[in-house]
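**Q** Sequence:
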Amino acid sequence: MSDLPRKAVTRTAKLAALPLGFAGRATWGLGKRIVGESADLVGRELQQRTAEQLFKVLGELKGGAMKFGQALSVFESALPEDVAGPYRAALTKLQEAAPPMPTRTVHAVLAERLGEDWHELFLEFEDKPAAAASIGQVHRGVWHDGREVAVKVQYPGAGEALLSDLNQLSRFARLLGPLVPGMDVKPLITELKDRVSEELDYSLEAQAQQAHAGEFADDPDVVVPDVVHQCEQILITEWIDGVPLSEVIADGTQEQRDRAGQLLARFLFSGPARTGLLHADPHPGNFRLLPGGPDGDDDWLLGVLDFGTVDRLAGGLPSPIGESLRMTLDGEAEAVYELLCTEGFVKETIDLDPDGVLDYLLPIIEPAKVDAFTFTRGWMRSLAARIADPRSPAYQLGKQLNLPPAYLLIHRVTLSTIGVLCQLGSTVRLREELEEWLPGFVLEEAVDEEDPAAEA
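Residue numbers for the sequence shown follow the numbering used here, so the first one is 978 and each next one is one higher.
Some hints could be false.
Okay, derived cross-link-like pairs now, SDA-like style, lysine to any residue, Cα gap no bigger than 25 Å in a straight line [what the hints assert, rightly or not]:
id, residue 1, residue 2
1, Lys-1346, Gln-1233
2, Lys-1376, Leu-1339
3, Lys-1170, Leu-1385
Don't read these hints as lab results, they were simulated from the structure.
Can you build the whole structure from these sequences, using the hints too?
**A** Pasting the structure below:
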């Protein structure tokens, strides 16, 4: 029997309490304004109370509630500091852990999937979980050949809980929107629902992880653990130690922050080019900083975990992304607009001013303008406020743009990664990574001119 709070009444009651709480606080806010308090002040206090309740409930549940909380948590940088501060610790906790399964349940799953003599496959197995997340938890062990391993055990009933929670959350997605200014929560929930069956299939995760492990086997910057064994509900991989990015965000040195940010950006853009896969769950709990040598922080490596959600991109990231980015930086308004229309970002029924579109995009791509850019929460907040303000031209234009389905997951991963970079406060040479890995960002003619071999 599952140890998730699976009963529909229990789970639905917890989640259904959220919109009721939102409505109650809205009434409270109206009363405060009637007696003369500032609308801005009341709005911030309302947002803070809403966020505190949301993450308290999500933290008590696994399944879709946990998955949604993790996805939302990387956008914490977009929130005003006086709102984000009080519950930043709760967000970090969501990124790293969830209440564990009882040991008897773990043993029952292992016996069912690996056989009653499953103990004989391990020299050691720790009953206490090393980590717990939305659909499974990880135990540390030593495989029979002496390798230290991470044993991921899927929660019984995880799929049912995942879909139930996300369906419930989607019913009041509009009420969740104000938590992250400028972000439409409903497509995020829809996209998470679309990925449920894939994430529950550990065979797909094993394939994606092994593809990365093989490609990055001798990489000087990125470590991906090998897959040791996989079967239904069980995924066993090599164990890697390291400092979780959530800890680097909390109290890492600036050197660690910059190194982590650089390697995270490098992995984001190089992964699709090298494997045809995009790691699509970039919250801090899925990354580690590992010491790579005897010479100090310059040798930190990035350990990458959890390949349960990936986007399959044969040939790497779509070249129109790089092309539009390059043309925007060069101020080619008409060319950018034409490409966005061709790719479906502007629907045929919509007519926009190309110069207005360029003005909309330029602040967003600021990190690609310079050799090195420092990502900060303040910068992220300014972008979010600009897009969320109904009085802003950016708000009006943004409402008319379209996000084609083929770009949905890429868009979320990019935004999530930028959110993590802002949490880290990293200074990153982003343009360097774009030039190396993003198709279309560098003109082929320019490459030929710089490469004597190309001329030969």
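**Q** What hints, given by number in increasing order, does this structure fail?
**A** none
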